[in-house]
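Given only the sequences and the hints, what does the whole structure look like? Please build it.
Listed in order, the protein sequences are those of chains A and B. Taking the working numbering, the leading residue of the first sequence gets 1, the next gets one more, and so forth. Taking the working numbering, the leading residue of the second sequence gets 1, the next gets one more, and so forth.
Careful: at least some of the hints might be erroneous.
All copies of an identical chain are treated as equivalent in the list; a pair is satisfied when it fits inside any one copy or across any two copies.
Said to hold, decoys possible - With a cut-off of at most 25 Å between alpha-carbon atoms, the simulated BS3-like pairs for lysine-lysine come out as follows: (1) K39 x K303; (2) K103 x K363; (3) K306 x K72; (4) K78 x K316; (5) K178 x K167; (6) K316 x K48; (7) K78 x K308; (8) K72 x K336; (9) K306 x K68; (10) K363 x K175; (11) K290 x K8; (12) K336 x K71; (13) K177 x K366; (14) K177 x K257; (15) K336 x K39; (16) K103 x K167; (17) K321 x K39; (18) K9 x K100.
If you're looking for bench data, these hints aren't it; they were derived computationally from the structure.
Protein chains: 2
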Amino acid sequence: MEIIKKSKKSQARIGKLITGHGFINTPFFMPIATKAAVKNISVCELDKLGAEIILANTYHLYLQPGEKLIKKAGGLHKFMNWSGPILTDSGGYQVFSLSKINKIKADGVEFQSHLDGSRHFLTPEKSIQIQQDLGSDIMMAFDVCPAGDAKQKIVAEACATTFDWAKRCYKTWKKSKKNQQLFGIIQGGIYKKLRDQSLKQITSLDFSGFALGGLAVGEDRKDMYKILQYIAPKLLENKPRYLMGLGRPEEIVFAIKQGIDMFDCVIPTREARHGRLYQFCSTKQKGAIKLFGNLAYRTSIIKNEKNKLDYSSINKNSEIKLLRQYSKSYLHHLFKTQEGLGLRLATLNNLEFYLTLMKQIQKAIKNGSL
Amino acid sequence: MEIIKKSKKSQARIGKLITGHGFINTPFFMPIATKAAVKNISVCELDKLGAEIILANTYHLYLQPGEKLIKKAGGLHKFMNWSGPILTDSGGYQVFSLSKINKIKADGVEFQSHLDGSRHFLTPEKSIQIQQDLGSDIMMAFDVCPAGDAKQKIVAEACATTFDWAKRCYKTWKKSKKNQQLFGIIQGGIYKKLRDQSLKQITSLDFSGFALGGLAVGEDRKDMYKILQYIAPKLLENKPRYLMGLGRPEEIVFAIKQGIDMFDCVIPTREARHGRLYQFCSTKQKGAIKLFGNLAYRTSIIKNEKNKLDYSSINKNSEIKLLRQYSKSYLHHLFKTQEGLGLRLATLNNLEFYLTLMKQIQKAIKNGSL
Numbered sequence: 001m002e003i004i005k006k007s008k009k010s011q012a013r014i015g016k017l018i019t020g021h022g023f024i025n026t027p028f029f030m031p032i033a034t035k036a037a038v039k040n041i042s043v044c045e046l047d048k049l050g051a052e053i054i055l056a057n058t059y060h061l062y063l064q065p066g067e068k069l070i071k072k073a074g075g076l077h078k079f080m081n082w083s084g085p086i087l088t089d090s091g092g093y094q095v096f097s098l099s100k101i102n103k104i105k106a107d108g109v110e111f112q113s114h115l116d117g118s119r120h121f122l123t124p125e126k127s128i129q130i131q132q133d134l135g136s137d138i139m140m141a142f143d144v145c146p147a148g149d150a151k152q153k154i155v156a157e158a159c160a161t162t163f164d165w166a167k168r169c170y171k172t173w174k175k176s177k178k179n180q181q182l183f184g185i186i187q188g189g190i191y192k193k194l195r196d197q198s199l200k201q202i203t204s205l206d207f208s209g210f211a212l213g214g215l216a217v218g219e220d221r222k223d224m225y226k227i228l229q230y231i232a233p234k235l236l237e238n239k240p241r242y243l244m245g246l247g248r249p250e251e252i253v254f255a256i257k258q259g260i261d262m263f264d265c266v267i268p269t270r271e272a273r274h275g276r277l278y279q280f281c282s283t284k285q286k287g288a289i290k291l292f293g294n295l296a297y298r299t300s301i302i303k304n305e306k307n308k309l310d311y312s313s314i315n316k317n318s319e320i321k322l323l324r325q326y327s328k329s330y331l332h333h334l335f336k337t338q339e340g341l342g343l344r345l346a347t348l349n350n351l352e353f354y355l356t357l358m359k360q361i362q363k364a365i366k367n368g369s370l
Numbered sequence: 001m002e003i004i005k006k007s008k009k010s011q012a013r014i015g016k017l018i019t020g021h022g023f024i025n026t027p028f029f030m031p032i033a034t035k036a037a038v039k040n041i042s043v044c045e046l047d048k049l050g051a052e053i054i055l056a057n058t059y060h061l062y063l064q065p066g067e068k069l070i071k072k073a074g075g076l077h078k079f080m081n082w083s084g085p086i087l088t089d090s091g092g093y094q095v096f097s098l099s100k101i102n103k104i105k106a107d108g109v110e111f112q113s114h115l116d117g118s119r120h121f122l123t124p125e126k127s128i129q130i131q132q133d134l135g136s137d138i139m140m141a142f143d144v145c146p147a148g149d150a151k152q153k154i155v156a157e158a159c160a161t162t163f164d165w166a167k168r169c170y171k172t173w174k175k176s177k178k179n180q181q182l183f184g185i186i187q188g189g190i191y192k193k194l195r196d197q198s199l200k201q202i203t204s205l206d207f208s209g210f211a212l213g214g215l216a217v218g219e220d221r222k223d224m225y226k227i228l229q230y231i232a233p234k235l236l237e238n239k240p241r242y243l244m245g246l247g248r249p250e251e252i253v254f255a256i257k258q259g260i261d262m263f264d265c266v267i268p269t270r271e272a273r274h275g276r277l278y279q280f281c282s283t284k285q286k287g288a289i290k291l292f293g294n295l296a297y298r299t300s301i302i303k304n305e306k307n308k309l310d311y312s313s314i315n316k317n318s319e320i321k322l323l324r325q326y327s328k329s330y331l332h333h334l335f336k337t338q339e340g341l342g343l344r345l346a347t348l349n350n351l352e353f354y355l356t357l358m359k360q361i362q363k364a365i366k367n368g369s370l
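Structural data, given as structure tokens:
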């Protein structure tokens, strides 16, 4: 990763991450394409939004339609018709959070599909093989991610297994000649000692980048901020730093100040489906959440009665024509009548918000104000 | 309506229908925007598809969001952001088919909303008022539409009420100075005598156009064809002729040969939601349904196993980029995983099919082959 500028006011930095499908400006946010589709929008729309990279889920694609089908299609890029970079997670997180039964063994995890109850066994080697078949630009090492409230002993065990599996992932990756990067994941929950130890272990392997896992998984935000502040600056400076699964806009701003470069989160797309819209606003507006400088945002529920007669644009400043043309009143109506177009408009709105936020952050770091 | 050419081989004709929002080439097909949205697609996409006019449902919009809200928005065109012509039905058909309880009185119909059970009373005057508030380009007279298997006595009563209400609609319309057209509806089921009588009654009023109602409502196709063949040529020649609710592609071709100019149907959009795709094919292909000349079509279910590994385009000849770029295999996956994007792609495919069919028909009439 090429670092272009480091902030003097914080650990924040801007840079360029080069992948097999073009480079990405950092810090960046990855829209989630769980099952090889960002819910309710097309790749043309992703392009228009200025998305530079997306994230797809190995667990879901392994189960449906299966990585072999995607490999036959020519890989995930061809299958889903997206020509930009793709990051795939390792499947680990979903195995623990979604599957009916899961059992960690030394070799890997046995689990039952949440779709049909079929039994599967995922190992570090298997996770890398799936990600290689998918052909993502950035693969993630297979790890164990304990819950946010897990006791220290559990987290310590997860760290040990994560290191063991990281070595196996690394070894499998090194044997391949494919143009894919592999990121290691640092666990350790909210325990400084465990984080230090995991960082030392994982960074002993020459991964393409390093991620912080096991954050934003249910722990207090205060605890998360504390451990992030502690561990993020210790990450290697010349490698991309990825905070998995974060987060709310103010959390992303906080993490960037600690030196994080990469983010992914379901919030913009998932909350869109519930009709919650993100929008920038004046810092003085009711409900405003400050980000930095004069930048603030608020969220609103489009189904609320007050939008019923609001004929103003969904977002008059949007780069997306549909968001300028359609009114809040109309979007309110679409949600009330459960028209699919409503989900699309809300998703476009929220992704545009997140991607614009990242551009604003990059600009602020560039001009020295963040 | 301006008739440009009459076929020498059939009653088919091409022409131009002028409305307050531009003219439309006839014969034409109207995509259905039941609740002020064509399900799963945007008005930009409707434009790209070449849709020249859409149909919205008075019953649905009256109940939700209410015609007053739409009037305040500046009318339906502004509310839903569609600048082309709009036809609204009268609400009559839905009152009978959707509402929980309905009771025909001399004055109108009492019914209970299918949404919340609230009681309403719809009269001819009220139907026109709602359509005036919606501001559609073409309004339909409020009629009584009996089921396809209704006995002659029931149909005769429906004809009598329809005529009575037609006069009241006509009177209400004539009082207004708005630039809206009003079409009369001829009922009579599959009974020639009743059709003749209804035609005589309804055409005694100087409506802007005339529709055949009470067809494609459950009767045998053979009966429908027979009565259509009988009554369509008797419709006034210099006025637009609209066959409500039809139909399958071959039915539309048949009706056009009888001199019909206008169609609407939920088939392309509804069947898209069930994953049934319409596509042109060679007349020799398995399952092909002939239309005219060398034109034939077939339908296929995208969820079928055979599409799983079919990496060819959804439609390589499509004018819509998404349909050329995304594969059948990917669309199969989207339907299997219930991704909203799948509904959009299938809808685009089917509407493009129907609208292309209409262009092919216009061309064939023009060059004398239909």
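Results of checking the hints against the structure:
1. Taking CA atoms no more than 25 Å apart as the test, K39 paired with K303 passes in both settings, with 20 Å inside one copy and 19 Å between copies.
2. Within a single copy, K103 and K363 get their C-alpha atoms no closer than 46 Å, and across copies no closer than 65 Å, so neither meets the 25 Å cut-off.
3. For a Cα distance limit of 25 Å, the shortest separation of K306 from K72 across copies, 15 Å, qualifies, whereas the shortest one inside one copy, 50 Å, does not.
4. Taking the shortest Cα distances, K78 and K316 sit within 25 Å of each other only across copies (16 Å), while inside one copy they are farther apart (34 Å).
5. Taking identical chains as interchangeable, the C-alpha atoms of K178 and K167 lie at most 25 Å apart only when both belong to the same chain, with a minimum of 18 Å there against 76 Å between chains.
6. In the homo-oligomer, the alpha carbons of K316 and K48 lie at most 25 Å apart both inside one protomer (16 Å) and across protomers (23 Å), since each shortest distance falls under that limit.
7. Taking the shortest alpha-carbon separations for K78 and K308, only the inter-copy value of 15 Å comes in at or below 25 Å, while the best intra-copy value is 41 Å.
8. Taking CA atoms no more than 25 Å apart as the test, K72 paired with K336 passes between copies only; the shortest distance there is 18 Å, against 41 Å inside one copy.
9. Within a single copy, K306 and K68 get their C-alpha atoms only as close as 49 Å, which misses the 25 Å cut-off; across copies the closest is 16 Å, which meets it.
10. Within a single copy, K363 and K175 get their C-alpha atoms no closer than 40 Å, and across copies no closer than 61 Å, so neither meets the 25 Å cut-off.
11. In the homo-oligomer, the alpha carbons of K290 and K8 lie at most 25 Å apart inside one protomer (21 Å), although the nearest pairing across protomers, at 73 Å, exceeds that limit.
12. Proximity of K336 and K71 under a CA criterion of 25 Å is satisfied inter-copy only: 18 Å between copies versus 40 Å inside one chain copy.
13. Proximity of K177 to K366 under the C-alpha cut-off of 25 Å is found in neither arrangement, the shortest distances being 36 Å within a copy and 61 Å between copies.
14. In this assembly of identical chains, K177 and K257 lie within 25 Å of each other by CA distance neither inside one copy nor across copies; the values are 36 Å within and 64 Å between.
15. For the homomeric pair K336 and K39, the shortest alpha-carbon distances inside one copy (19 Å) and between copies (14 Å) are both at most 25 Å.
16. Within a single copy, K103 and K167 get their C-alpha atoms as close as 20 Å, which meets the 25 Å cut-off; across copies the closest is 75 Å, which misses it.
17. In this homomeric assembly, K321 and K39 come within 25 Å of each other (Cα to Cα) both inside a single copy, at 19 Å, and across copies, at 19 Å.
18. Taking the shortest alpha-carbon separations for K9 and K100, neither the intra-copy value of 46 Å nor the inter-copy value of 66 Å comes in at or below 25 Å.
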